[in-house]
Amino acid sequence: MFQTLKKIFANPKQEKICDPVEGEAVPITDVSDPTFGEEILGKGIAIKPLKGRVVAPADGTVTVLIESSHAVSLLTDKGAEILVHVGLDTIQLEGQFFTAHVKVGDRVKRGDLLLEFDLDAIRKAGYDTITPVVVLNSNEYASIELFHGGPIKELDLLMRLMK
Amino acid sequence: MKTVLHIIQDKLGIHARPAGQIVKLASQYSSDIKFTTASKTVDARRIMALMGLGVHQGDQLKVTFEGTDEAAAAAAFSAYLKESL
Chain A
0 MFQTLKKIFA
10 NPKQEKICDP
20 VEGEAVPITD
30 VSDPTFGEEI
40 LGKGIAIKPL
50 KGRVVAPADG
60 TVTVLIESSH
70 AVSLLTDKGA
80 EILVHVGLDT
90 IQLEGQFFTA
100 HVKVGDRVKR
110 GDLLLEFDLD
120 AIRKAGYDTI
130 TPVVVLNSNE
140 YASIELFHGG
150 PIKELDLLMR
160 LMK
Chain B
0 MKTVLHIIQD
10 KLGIHARPAG
20 QIVKLASQYS
30 SDIKFTTASK
40 TVDARRIMAL
50 MGLGVHQGDQ
60 LKVTFEGTDE
70 AAAAAAFSAY
80 LKESL
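Protein chains in written order, with numbering that gives the first Met the number 0: chain A, 0 to 162; chain B, 0 to 84.
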């Protein structure tokens, strides 16, 4: 009995991805940019942010930090490739209103601060701040369970991936 | 094997949107497709690796194609790169 429970909780084929941004979780298909909305980059969830912070959704390593600091991706210790992309077309801001707290190659723990951004300033500059959180290697999973039921806090359960 | 060389013209390089377009295009062919810069070679079907190339305007990119539809894939990528990157 105990062994069975232990197996369920320590299942190496299952991985939990936590919420990196406080806000409202909505289906990624709601995103107007087809790169995200048509799941070209992979399956995921979009967050309408209420707070200008991105924290690590799992333990892992920073693999990509776009120079303008509006997007960051992690390779988690269990093998998921997670991209957090703050806003749409925000690459055009060239880093303005974004601050990176990590660099490529850094080891991070779940909850570590990755990026900060000025939500109001980005909005005032005319950009949609919706933030897709995408599993870039979605095709390596048999199932991806998505939890997009409205308001969500940092580190709430966002996705469950099964190999 | 086919090879296409391209100098990046887009000032933003390969970020999320072009990476998605590259993967989508690559998935239409069965050939092995690789992107090579001065420092790295990556699989054109891996989004994170493409974004991790960190290419900039002015950088040279070499794209190689190997497989039964390599000629068609090379032609499609050559057109895409000229048009969009």
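None of these hints come from the bench; they were simulated from the model.
Don't take every hint at face value.
[Stated by the list, open to error] Okay, derived cross-link-like pairs now, DSBU-like style, lysine-lysine, Cα gap no bigger than 35 Å in a straight line:
{"no.": "1", "chain 1": "A", "residue 1": "Lys12", "chain 2": "B", "residue 2": "Lys23"}
{"no.": "2", "chain 1": "B", "residue 1": "Lys23", "chain 2": "A", "residue 2": "Lys77"}
{"no.": "3", "chain 1": "B", "residue 1": "Lys61", "chain 2": "A", "residue 2": "Lys50"}
{"no.": "4", "chain 1": "B", "residue 1": "Lys61", "chain 2": "A", "residue 2": "Lys47"}
{"no.": "5", "chain 1": "A", "residue 1": "Lys12", "chain 2": "A", "residue 2": "Lys77"}
{"no.": "6", "chain 1": "B", "residue 1": "Lys33", "chain 2": "A", "residue 2": "Lys50"}
{"no.": "7", "chain 1": "A", "residue 1": "Lys42", "chain 2": "B", "residue 2": "Lys10"}
{"no.": "8", "chain 1": "B", "residue 1": "Lys39", "chain 2": "A", "residue 2": "Lys42"}
Owing to the predicted nature of the structure, the values given are computational and were not obtained by experimental measurement.
Hint check:
1. With a CA separation close to 27 Å, the supplied pair Lys12/A and Lys23/B stays within the 35 Å bound.
2. For the hint linking Lys23/B to Lys77/A, the alpha-carbon distance of about 26 Å falls within 35 Å, and the restraint holds.
3. The suggested pairing of Lys61/B with Lys50/A is violated, with an alpha-carbon distance near 41 Å, which exceeds 35 Å.
4. The hinted pair formed by Lys61/B and Lys47/A fails the criterion: a straight-line CA distance of about 38 Å is larger than 35 Å.
5. Restraint check for Lys12/A and Lys77/A: satisfied, since their Cα atoms lie roughly 9 Å apart, inside the 35 Å limit.
6. Using a Cα cut-off of 35 Å, the hinted pair Lys33/B and Lys50/A is violated, with the two alpha carbons roughly 39 Å apart.
7. Taking the CA atoms of Lys42/A and Lys10/B, the gap is near 28 Å; set against the 35 Å cutoff, the hint holds.
8. For the given pair, Lys39/B sits about 27 Å from Lys42/A by alpha-carbon distance, which is consistent with the 35 Å threshold.
Hint compliance for this structure: hints 3, 4 and 6 are not met, and every other hint is.
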